[in-house]
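Peer 1: Numbering (my numbering), first residue to last: 1 to 338.
Keep in mind that the hints were calculated from the coordinates and are not lab data.
Positions of the beta carbon are idealized from the N, C-alpha and C atoms, including for glycine.
Do not rely on the hints blindly, as some may be mistaken.
Label pairs and their calculated CB-CB ranges [stated by the list, open to error]:
1. Leu169 / Gly199: 22 to 28 Å
2. Arg315 / Pro193: 27 to 33 Å
3. Val231 / Gly255: 50 to 56 Å
4. Pro172 / Ser21: 22 to 28 Å
Computed cross-link-like contacts, BS3-like style, restricted to lysine-lysine with a CA-CA straight-line distance of at most 27 Å [claimed, not checked]:
5. Lys251 / Lys224
6. Lys160 / Lys227
7. Lys221 / Lys160
8. Lys251 / Lys227
9. Lys52 / Lys225
10. Lys225 / Lys251
11. Lys224 / Lys160
12. Lys251 / Lys328
13. Lys328 / Lys221
14. Lys328 / Lys227
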Amino acid sequence: MRDFGVISAQLLDWYDRHARSLPWRVPQGQADPYRVWLSEVMLQQTTVAAVKAYFERFTTLWPTVHDLAAAPDAQVMAEWAGLGYYARARNLLACARAVAAMGGFPDTRDGLAALPGIGPYTSAAIAAIAFGRAETVVDGNVERVVSRLFAVETPLPASKPELVRLATLLTPDRRPGDFAQAMMDLGATICTPRSPACGICPIIDECAARMQGIAADLPRKLPKKAKPQRVGTVWIGFGQDSILVETRPEKGLLGGTLAFPSTGWDGSDLPPPAAGDWQELGLVRHIFTHFALDLTVKTAQLTANPERGTLLPLREFSPSALPGLMRKAFALVRPETA
DNA sequence: AACTCGTGGTG
DNA sequence: TCACCAAGAGT
Numbered sequence: 001m002r003d004f005g006v007i008s009a010q011l012l013d014w015y016d017r018h019a020r021s022l023p024w025r026v027p028q029g030q031a032d033p034y035r036v037w038l039s040e041v042m043l044q045q046t047t048v049a050a051v052k053a054y055f056e057r058f059t060t061l062w063p064t065v066h067d068l069a070a071a072p073d074a075q076v077m078a079e080w081a082g083l084g085y086y087a088r089a090r091n092l093l094a095c096a097r098a099v100a101a102m103g104g105f106p107d108t109r110d111g112l113a114a115l116p117g118i119g120p121y122t123s124a125a126i127a128a129i130a131f132g133r134a135e136t137v138v139d140g141n142v143e144r145v146v147s148r149l150f151a152v153e154t155p156l157p158a159s160k161p162e163l164v165r166l167a168t169l170l171t172p173d174r175r176p177g178d179f180a181q182a183m184m185d186l187g188a189t190i191c192t193p194r195s196p197a198c199g200i201c202p203i204i205d206e207c208a209a210r211m212q213g214i215a216a217d218l219p220r221k222l223p224k225k226a227k228p229q230r231v232g233t234v235w236i237g238f239g240q241d242s243i244l245v246e247t248r249p250e251k252g253l254l255g256g257t258l259a260f261p262s263t264g265w266d267g268s269d270l271p272p273p274a275a276g277d278w279q280e281l282g283l284v285r286h287i288f289t290h291f292a293l294d295l296t297v298k299t300a301q302l303t304a305n306p307e308r309g310t311l312l313p314l315r316e317f318s319p320s321a322l323p324g325l326m327r328k329a330f331a332l333v334r335p336e337t338a
């Protein structure tokens, strides 16, 4: 039987010597649940580098969950713009309002998991990091570290329950939050997806995949489907000192974000949102998670009131409030704003 | 269970 | 260039 206590102790020792300094990271026992929650939601499927500026901006604008709960929807969506996965922003606000109404964050994993936007990973992370509970945190990093440590060759996602079971055996009763962050840091900096730096790994002597020479091949994953290619058109229309925009429906792609009127992106045709001499500016290529999009960008000075969308005064308009795709489209109209 | 949902960095 | 992927959740 492997000595799990030795492995977790070695990892914590490495973490104490090499922990990265991050805006949301504080010693175990001093964490603010609000900041832990905010950072963990922002970090869902998003890199540390991309999150940093958003985290600083949000905590400056809204230092407490009560401040965030009182913020207007449109302002939160505008501040989230560019970070992606916009359901997170809508759930973030719903969660903040629920927590404010409850008077504070629940301090158990189950209590946290009942809130919008907090799933298996995030509930465990907040419970462990902010409340010191011995919950097991399993993200993509932990999946990779554990699959190598124990040489689990079953492909994901079928191996997930086994990886969770093994990670649970590793999780110590003391400092579970630091342990979780140690596992994730190890995965992010040493036990990386390609070319893992086994030579400087603090637990190389315990790694079964390393012993078998298959570390870089794990975790195995089932092949992914090809991305379909889709096309569409977006219209960027101008009125008198104004620009034609719309808020997209709450559900679906880019839900709830500020955008320019467009066709659906399934090839179906749709008339322009307003009369005007529409000129084709060019093509924007954008890769989403499950499809690639070629978006034709058209612009015009409007000659009649729009049938879709609303005219926003230009002085109230900032491309920073747009999701990335729409920023790219706008950059064809005003390259100097890109 | 499989699909939807963004974006930027990397090799 | 392009496929991969990053501190996942909701349905």
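Peer 1: Give a verdict on every hint.
Peer 2: Comparing the hints with the structure gives:
1. Range check, Leu169 to Gly199: Cβ separation about 26 Å, and the 22 to 28 Å hint holds.
2. At roughly 46 Å, the beta-carbon separation of Arg315 and Pro193 lies outside the given 27 to 33 Å, and the hint is violated.
3. Range check, Val231 to Gly255: Cβ separation about 21 Å, and the 50 to 56 Å hint is violated.
4. At about 23 Å, the CB distance of Pro172 to Ser21 agrees with the hint of 22 to 28 Å.
5. For the given pair, Lys251 sits about 25 Å from Lys224 by alpha-carbon distance, which is consistent with the 27 Å threshold.
6. About 24 Å separates the Cα atoms of Lys160 and Lys227, which keeps this hinted pair within 27 Å; it holds.
7. Between Lys221 and Lys160, the direct Cα distance comes to roughly 11 Å. Compliance with the 27 Å bound is thereby established for this hinted pair.
8. For the hint linking Lys251 to Lys227, the alpha-carbon distance of about 21 Å falls within 27 Å, and the restraint holds.
9. A C-alpha spacing of about 32 Å is found between Lys52 and Lys225, which places the hinted pair above 27 Å, so the restraint is violated.
10. For the hint pairing Lys225 with Lys251, the CA-to-CA distance comes to about 24 Å; that is within 27 Å, so the pair holds.
11. Straight-line distance between C-alpha atoms of Lys224 and Lys160 comes to about 17 Å, which keeps the hinted pair within the 27 Å bound.
12. Of the pairs offered as hints, the one joining Lys251 and Lys328 holds, with about 22 Å between alpha carbons and a cut-off of 27 Å not exceeded.
13. Annotation: proposed proximity of Lys328 to Lys221 is violated, straight-line Cα distance about 33 Å (limit 27 Å).
14. Among the hinted pairs, Lys328 with Lys227 is consistent with the structure: their alpha-carbon atoms are about 21 Å apart, no more than 27 Å.
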